[in-house]
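A.B. asks: Line by line, the protein sequences give chains D and V. Position 94 of the first sequence, counting from 1, maps to 94 under this note's numbering, and the rest follow consecutively. Here this note's numbering runs 351 ahead of the position in the second sequence, where the first position is 1.
For the record, the hints were derived by calculation from the structure and aren't laboratory data. Every value quoted in this text rests on a predicted model; they were computed, and no experiment measured them. For each residue, glycine too, the CB sits at the ideal point set by N, CA and C. Incorrect hints may have been included.
[Stated by the list, open to error] Calculated Cβ distances over 10 Å to all of chain V for the following chain D residues:
1) S31
2) N83
3) D120
4) E124
5) I144
6) E145
7) D178
[Said to hold, decoys possible] Listed next, the stretches of chain V that the computed footprint assigns to chain D, with coverage defined by at least 3 CB atoms under 8 Å from CB atoms of chain D:
8) 488 to 502
9) 518 to 525
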Amino acid sequence: MSMRTLPLVFINLGGEMLYILDQRLQAQNTSEDNSEKVMNDIVGTMFSKSFMDELLKPQQLYSHRTMKTVLTRLAHTSIMRLNPASMDRLYELMVMAFKYQVFLCPRPKDLLLISYNHIDTIREFVKDTPAVLNQVEETHRKIIEVLLRVSLFLKNKVQNPNGRFALGTSGPVPYKTDVPGLIRAFDRKGREVRRHEFPTGGSYSSPLRVGSFDLHGDRVIRLGLNMYVSYFIHVHGVQSQTDNTPNLLAKEELNLLARLMGSMKAEHTPNTETVFRINLFTTDAEEEEAGASGGTEESLFGVINIQAMQDEQAATELARIAGQFMEQDEPVENPSSSKGDDLLAMMDDLS
Amino acid sequence: MYHKEKSIQIKNSASALYNNLGVLRIAPRRLTYFTVVHANVVNMVSASWDGLNYSHRQLQSKEPNVATSTSLIMQAAFCVLPSRDLLVVTSQKGIQMYESDGSIMVYWHALDTPETPTAQAVFARGISAVWENYICVGVSSGAILVFDVPSKGSNITLSEVVEEHKEPITDIASECSGSQECIADMVSADDGGNLCVWKSGEEFQLLNKIPGFDMSCSSVKLWKGTVAAGYGTGQIRLYEAVTGILHVEINAHARWIYSLDIAPFSGLLLSAAEDSLVRVWHLTLTPETNTVEVAHLHNECVTDTQICGAKFCDGDGYAFAVTGYDLSEIIRYTQT
Numbered sequence: 001m002s003m004r005t006l007p008l009v010f011i012n013l014g015g016e017m018l019y020i021l022d023q024r025l026q027a028q029n030t031s032e033d034n035s036e037k038v039m040n041d042i043v044g045t046m047f048s049k050s051f052m053d054e055l056l057k058p059q060q061l062y063s064h065r066t067m068k069t070v071l072t073r074l075a076h077t078s079i080m081r082l083n084p085a086s087m088d089r090l091y092e093l094m095v096m097a098f099k100y101q102v103f104l105c106p107r108p109k110d111l112l113l114i115s116y117n118h119i120d121t122i123r124e125f126v127k128d129t130p131a132v133l134n135q136v137e138e139t140h141r142k143i144i145e146v147l148l149r150v151s152l153f154l155k156n157k158v159q160n161p162n163g164r165f166a167l168g169t170s171g172p173v174p175y176k177t178d179v180p181g182l183i184r185a186f187d188r189k190g191r192e193v194r195r196h197e198f199p200t201g202g203s204y205s206s207p208l209r210v211g212s213f214d215l216h217g218d219r220v221i222r223l224g225l226n227m228y229v230s231y232f233i234h235v236h237g238v239q240s241q242t243d244n245t246p247n248l249l250a251k252e253e254l255n256l257l258a259r260l261m262g263s264m265k266a267e268h269t270p271n272t273e274t275v276f277r278i279n280l281f282t283t284d285a286e287e288e289e290a291g292a293s294g295g296t297e298e299s300l301f302g303v304i305n306i307q308a309m310q311d312e313q314a315a316t317e318l319a320r321i322a323g324q325f326m327e328q329d330e331p332v333e334n335p336s337s338s339k340g341d342d343l344l345a346m347m348d349d350l351s
Numbered sequence: 352m353y354h355k356e357k358s359i360q361i362k363n364s365a366s367a368l369y370n371n372l373g374v375l376r377i378a379p380r381r382l383t384y385f386t387v388v389h390a391n392v393v394n395m396v397s398a399s400w401d402g403l404n405y406s407h408r409q410l411q412s413k414e415p416n417v418a419t420s421t422s423l424i425m426q427a428a429f430c431v432l433p434s435r436d437l438l439v440v441t442s443q444k445g446i447q448m449y450e451s452d453g454s455i456m457v458y459w460h461a462l463d464t465p466e467t468p469t470a471q472a473v474f475a476r477g478i479s480a481v482w483e484n485y486i487c488v489g490v491s492s493g494a495i496l497v498f499d500v501p502s503k504g505s506n507i508t509l510s511e512v513v514e515e516h517k518e519p520i521t522d523i524a525s526e527c528s529g530s531q532e533c534i535a536d537m538v539s540a541d542d543g544g545n546l547c548v549w550k551s552g553e554e555f556q557l558l559n560k561i562p563g564f565d566m567s568c569s570s571v572k573l574w575k576g577t578v579a580a581g582y583g584t585g586q587i588r589l590y591e592a593v594t595g596i597l598h599v600e601i602n603a604h605a606r607w608i609y610s611l612d613i614a615p616f617s618g619l620l621l622s623a624a625e626d627s628l629v630r631v632w633h634l635t636l637t638p639e640t641n642t643v644e645v646a647h648l649h650n651e652c653v654t655d656t657q658i659c660g661a662k663f664c665d666g667d668g669y670a671f672a673v674t675g676y677d678l679s680e681i682i683r684y685t686q687t
């Protein structure tokens with residue numbers, strides 16, 4: 001089990017988010033300038049040095065709650081705005097896509113190839129902005145250095161009991177796996193003395209060639225590529241259960257959140273005149289309906305205008321946000337931690 | 352050969368962990384207990400043999416005297432000793448031992464956790480009852496903790512720590528508990544695919560080391576001096592425990608194997624993998640020639656499911672149960 005999987009989760013989820021946003025921007029006929037600006041802003045923040053350095057520290061994966069908050073914050077570093085219903089929908093789609101990729105991932109090391117597919121496509125999105133492109137390449141290099149030895153990824157992070165992905169019993173086996181169907185017996189000297197076959201109940205074939213783990217190359221695996229480009233996908237609203245179980249690691253997660261938010265640059269504060277709204281649903285009416293019908297009860301935030309400020313201001317702001325989290329989500333069975341806990345005090349205690 | 356029976360619904364789905372199904376058959380009360388791990392919770396079901404009564408219980412990974420804990424559980428398994436049965440739960444924080452019905456926690460052992468997180472996570476995994484009075488539990492450092500269990504009460508003590516593996520332990524298995532004498536009575540496996548064969552006692556003795564091939568061995572079983580090991584490549588290998596000689600190699604599955612089980616009275620072997628298939632094999636040992644033969648008997652496809660636990664429900668292999676990732680049920684099969 002590795003403590004270095006958070007950056008991979010983040011890149012893959014972030015990548016899926018960009019694919020979906022790109023598709024929606026096109027579907028809404030957003031101007032090319034605005035689209036490019038949105039992509040550059042988000043990618044720039046995602047791959048910023050300080051942000052990535054924070055993610056690359058060995059640590060546990062955190063809950064959906066934290067992931068969602070960070071990704072929402074990320075989406076809003078651009079001039080684009082998503083209302084809570086659309087944000088919920090976006091998050092559900094992202095998680096579902098990533099879960100699909102992890103589920104079908106042939107062997108653990110291929111998760112890196114899936115991540116590289118995302119990074120390769122992200123490069124394409126920002127290829128006209130050298131500054132941002134550079135950041136992506138830098139991060140890619142750093143990841144290759146740090147993560148090539150991640151050997152196993154646990155699926156507990158993306159667990160969600162809705163819908164089953166199709167898992168075929170045919171096709172190529174992963175690299176280094178033998179095609180099932182053969183039983184071989186050996187003598188005491190190691191010589192093969194007998195072999196016979198058994199029916200596998202599937203139709204498997206030899207593995208494909210290995211994908212490239214370099215900075216550039218043919219990844220071979222199709223998982224992680226932008227599946228929204230060639231056709232418009234009408235995805236039915238998947239009402240996934242946002243993690244309602246009391247999050248007993250709340251304090252530590254808020255700590256991580258504080259560090260991550262603190263490292264998002266202030267210059268991404270948008271000029272309010274140029275903001276525009278993006279809708280994850282097909283019509284505005286649908287979006288409103290989804291918002292009213294219960295998505296918002298489960299969303300963790302109302303309208304919060306977050307400005308990335310430094311130091312004490314950030315901490316005070318975070319304390320206010322933390323206060324909102326604690327009020328809504330503090331579990332009843334947890335009487336020992338009082339509801340009005342000051343985030344600053346908690347952070348002092350933990351350091 | 353087998354047909355599907357009515358499934359048992361459980362409260363949460365099964366996590367994608369190796370050997371994620373515990374089964375304990377309680378003949379005098381005509382009950383079977385099942386355990387399935389989901390994140391930081393163990394779902395326990397007690398099922399009556401007539402199929403009429405099911406009772407559920409949930410156990411949390413929890414340190415005593417600590418109000419809250421969310422350490423992830425890596426494995427839950429029943430340990431059958433001559434004098435008593437215990438349920439052992441291993442997590443990122445430590446090892447809990449309960450009475451077999453999950454009613455009372457009788458022992459807690461905390462793992463040493465480093466001050467700052469390192470690249471390798473800390474956890475306990477790999478559980479087995481050994482001989483008459485030991486319970487062995489593996490740790491992510493590769494060490495195996497040997498606990499001495501009295502026939503009654505909670506005076507369980509850590510008797511020894513054996514350090515031979517260098518990678519996280521994945522599974523531990525044993526045979527000959529209580530009655531017969533065996534040369535080797537325990538085998539342990541790790542994430543690098545390495546196997547260690549042991550003789551239990553006041554001081555555990557390492558009898559043999561069988562090197563891996565840089566591929567995790569997720570599940571291991573010991574039967575009549577033969578080690579059955581399942582690997583991430585989908586291969587099953589049968590070794591002679593004491594000598595390490597490879598008897599048989601089966602290209603069994605197209606994806607990572609998550610669980611192996613052996614029915615000791617009949618020699619049936621059960622294998623389950625991420626490729627959605629459960630396979631039943633028959634092992635024949637010929638002591639005179641010291642050979643092992645394997646025959647394939649049956650396949651069951653659990654459509655679109657990555658299987659994470661599969662166990663026989665009885666010593667003859669008359670019935671077996673299966674759990675799958677994201678599946679909130681225990682699927683059962685019985686011989687026709």
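A.B. asks: Which earlier hints turn out false for this structure, listed by number in ascending order?
C.D. replies: Hints 7, 8 and 9 are the ones this structure does not satisfy, whereas the remaining hints hold.
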